[in-house]
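Chain A is already provided as a structure; the job is to place chain B on it using the hints.
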Amino acid sequence: MRPELDGNYSSVSVPTFNIKRNSIKLLPFTVRLTKIQSLLGPNDGALLSDLLARQNELGSYDYANGVNQELTWTETRIGTWVKAIQPICTSASIKGKFPYPGSAAAFVKAAYGRDLSEIDQEMLSQVAAAGGTNVQKFEALCTVVLSSLEFTTL
Amino acid sequence: MKTLIALFIFVASFQVNADTAPKVYSEKALQRYLSELSSMLAGRPLTTSEIALIDAKKTASIKELLVAWTSGSYLPESARVMTQTQLNLSGTAGGVNYNFPGDLAKYIVTNNLPYSQILTADYCINSAGAKVPCDTGAPYTAGVLTTRAYMMKSAGRFNLNRADRLIMTFICRQYPLETGLQVPIEKPRLIPMFQVNIDGAGDFGNGTSCYNCHSQFGAHAQFFVKFDANGVYQAGASGEQNPAVEMGKSFNNLYTSHLSNPSERASETSQMFGQNVSNLREAAIVLTKSSLFLECAIRNTIRHVLRMSDSDAKDISGVLLGEISKKILVTSKDPSWKQIVIETFQHPGVIDSVLNAGGGQ
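Chains as they are written, first to last, in this note's numbering: chain A, 1 to 154; chain B, 1 to 361.
One chain only, chain B, in its complex shape:
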């Protein structure tokens, strides 16, 4: 019996040791992997000394180089490009600064601030890298959201596009969301067209159920009710449908609310992920505290650095994102992009995926 127990302990401990041993990669594989990362993280190829480091330190070189690159001067620029290409916002036109979002991302990374500030910063950043007020005229600020650039690019009837873009870009989801995450607005509170279910949709919209998506869309679109088509905040917005124009457009170049009650439809108060909040800024704070925000940031980071297509990035498994997220949160509950990058690109799932992409180990 004692022999059996000893044998069991021996086998079990061997299994544990094998399972927790770090994965080993060949020098050639490491060089290939780190070459894939260096351009987008360091803005240049591997140097001779980095190649020597990889040969000398093998798998340990991954972390060492990631730490070095994320402390270097190119990483903020990489963040700027990621944000600009993700949101399709850059340049200036018509007196509007479309560089605000990218410049904010660059500032956040330069100063090693929590990445969540991309949606919660209470300032914008100008081309000289200085803090300035954002340009919507709103009495609050919510990072890239309260820029005319974001508002104008996403302008559209019922503020659907503004809400959709927020959810797709920053939690990597599309409507309808799980009802446990985003509690649907009760039917009677919505204007009749959005109460329609699959039996009564007729020819309207996509011909299928409206309520499933719009009961959630509506809550998020409400946060944008006071921002007109030019991204300017109008405190007096009513959210009321202008009967003289097409559906979804209100008066004074604003957009119609989903809600039927006059005081509700004029109010910025709404619900984000089950929490009632007063405005877009408070909604953004709730969103960034969701685990989905960090997981989406990891997904977007992988997509950007490995230059993946949107469809390939969509297929990155939640299990992988969850593992990386868990590792990041051990160090910081509100991580910087630097921390996100360092942990993400050490995960064997990411390394193996790169090495398997038309090359191998």
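One chain only, chain A, in its complex shape:
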């Protein structure tokens, strides 16, 4: 008989369930939006206007008007997302918060909510080695990170 669970769950085997991750599933639109807001910090919302204007194309919903939530990451949706986040990646707000190159690692850490991996370090090195100004490099880094599967699906 299993011992009674009394506050601390026991270390005997526990019932688990399957979480299938067979297909890529976006976070709900509002969550992706608040994740970006958390990176930006306080702002007047103008930087998010493109995202909001295109929210139905980006997987949001309006059930009363026949728009169902769509959480698949399609080529079209990726393209729309990349365009819609440009105001954010080119904004003085985010560049001021994460000045490049000194805060590049901090930006990635803040976006992903974890310590940097070797793959992240390699990405930062590739961006640093690429041609272009620091402004352009940050904008590229920002676009890549905010469009990544990790940012949009986790």
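Since the hints were derived computationally from the structure, they do not count as laboratory data. If a hint is listed, it holds; no wrong ones were tucked in.
With a straight-line cut-off of 30 Å between C-alpha atoms, the simulated BS3-like cross-links for lysine-lysine are:
{"id": "1", "chain 1": "B", "residue 1": "28", "chain 2": "A", "residue 2": "109"}
{"id": "2", "chain 1": "B", "residue 1": "58", "chain 2": "A", "residue 2": "20"}
{"id": "3", "chain 1": "A", "residue 1": "25", "chain 2": "A", "residue 2": "137"}
{"id": "4", "chain 1": "B", "residue 1": "338", "chain 2": "B", "residue 2": "28"}
{"id": "5", "chain 1": "B", "residue 1": "314", "chain 2": "B", "residue 2": "338"}
{"id": "6", "chain 1": "B", "residue 1": "326", "chain 2": "B", "residue 2": "23"}
{"id": "7", "chain 1": "A", "residue 1": "25", "chain 2": "B", "residue 2": "28"}
{"id": "8", "chain 1": "A", "residue 1": "20", "chain 2": "B", "residue 2": "338"}
{"id": "9", "chain 1": "A", "residue 1": "20", "chain 2": "B", "residue 2": "23"}
{"id": "10", "chain 1": "B", "residue 1": "58", "chain 2": "A", "residue 2": "109"}
{"id": "11", "chain 1": "B", "residue 1": "327", "chain 2": "B", "residue 2": "58"}
{"id": "12", "chain 1": "A", "residue 1": "20", "chain 2": "B", "residue 2": "314"}
{"id": "13", "chain 1": "A", "residue 1": "109", "chain 2": "B", "residue 2": "338"}
{"id": "14", "chain 1": "B", "residue 1": "63", "chain 2": "B", "residue 2": "326"}
{"id": "15", "chain 1": "B", "residue 1": "57", "chain 2": "A", "residue 2": "97"}
{"id": "16", "chain 1": "A", "residue 1": "25", "chain 2": "B", "residue 2": "314"}
{"id": "17", "chain 1": "B", "residue 1": "63", "chain 2": "B", "residue 2": "333"}
{"id": "18", "chain 1": "B", "residue 1": "327", "chain 2": "A", "residue 2": "20"}
{"id": "19", "chain 1": "A", "residue 1": "25", "chain 2": "A", "residue 2": "109"}
{"id": "20", "chain 1": "B", "residue 1": "63", "chain 2": "B", "residue 2": "327"}
{"id": "21", "chain 1": "A", "residue 1": "109", "chain 2": "B", "residue 2": "23"}
{"id": "22", "chain 1": "B", "residue 1": "57", "chain 2": "A", "residue 2": "109"}
{"id": "23", "chain 1": "A", "residue 1": "97", "chain 2": "A", "residue 2": "137"}
{"id": "24", "chain 1": "B", "residue 1": "338", "chain 2": "A", "residue 2": "25"}
{"id": "25", "chain 1": "B", "residue 1": "63", "chain 2": "A", "residue 2": "20"}
{"id": "26", "chain 1": "B", "residue 1": "333", "chain 2": "B", "residue 2": "314"}
{"id": "27", "chain 1": "B", "residue 1": "58", "chain 2": "B", "residue 2": "338"}
{"id": "28", "chain 1": "B", "residue 1": "326", "chain 2": "A", "residue 2": "20"}
{"id": "29", "chain 1": "B", "residue 1": "28", "chain 2": "A", "residue 2": "97"}
Relative to chain A, chain B alone:
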């Protein structure tokens, strides 16, 4: 003999200690697990200080972060999204406010009210977050149920869809239910087509027994007999079949009752889980007091936060839900969504399930 007894006590106490020791997870596993939760509960990735907290406090950080996130500003929004996507209700159209259900969920969570109020609140909430009357015109209110949004989305013959949606969404069950839970209506009280059993179904319906499901469906559908297809309450509804239109439709845009007796079919009085009640509101109160309501709320919460498919969520075991439910009820007999979230995501069964989903510990 004394030595044997001492040895037995030693072994037994060692076993008890081992069995009640909290499960230990690596920092990497904890970070992974909490990352899975932070977006849906806090609306953002883990912060640097949260990552440091996980490293410092290890497994104890789970509860600490859950408490912090559920006190934060995003949780009500998460509840709103959960309710909207669960019921497929949002927006406005044709003068009807389909945001009422989601806004009610957000209000309940913002104010840390019992989650049961999703079906028992005697008010609706407008877009400004203020209490307003709901919009069906009914003389009572039952949370999301007595909104035109719910009624219209679920409108259909015999009010079957309204009943089915209520049971599926809020107790995670489908008809037929256990007869010990939902006592079937006696055959003679039903209209003839629903008295049919497997031998006499013929080509009607799904070709198999009607009575098994409809004897229970009928009781719950009865609560909706006075709500027309536009979700408007009509006190004079008779529940009578309109002979000029298809089966299941009554007069004045209303739906037909399962019951044959004229006074019974016109009445909102019916039975929910063995209790005779006067109307939909009283039925909702009975439903929310069932253990199935809390277990279903836990299941729906897991499904929402971990973004599981409906079929995967359906497979979450009753044993796990029962354990979590038991833990919640120690603290509160009518828990808030905050309490549901905090207990649910501390359970090792949930943690292990996340860590086993294409990653591991």
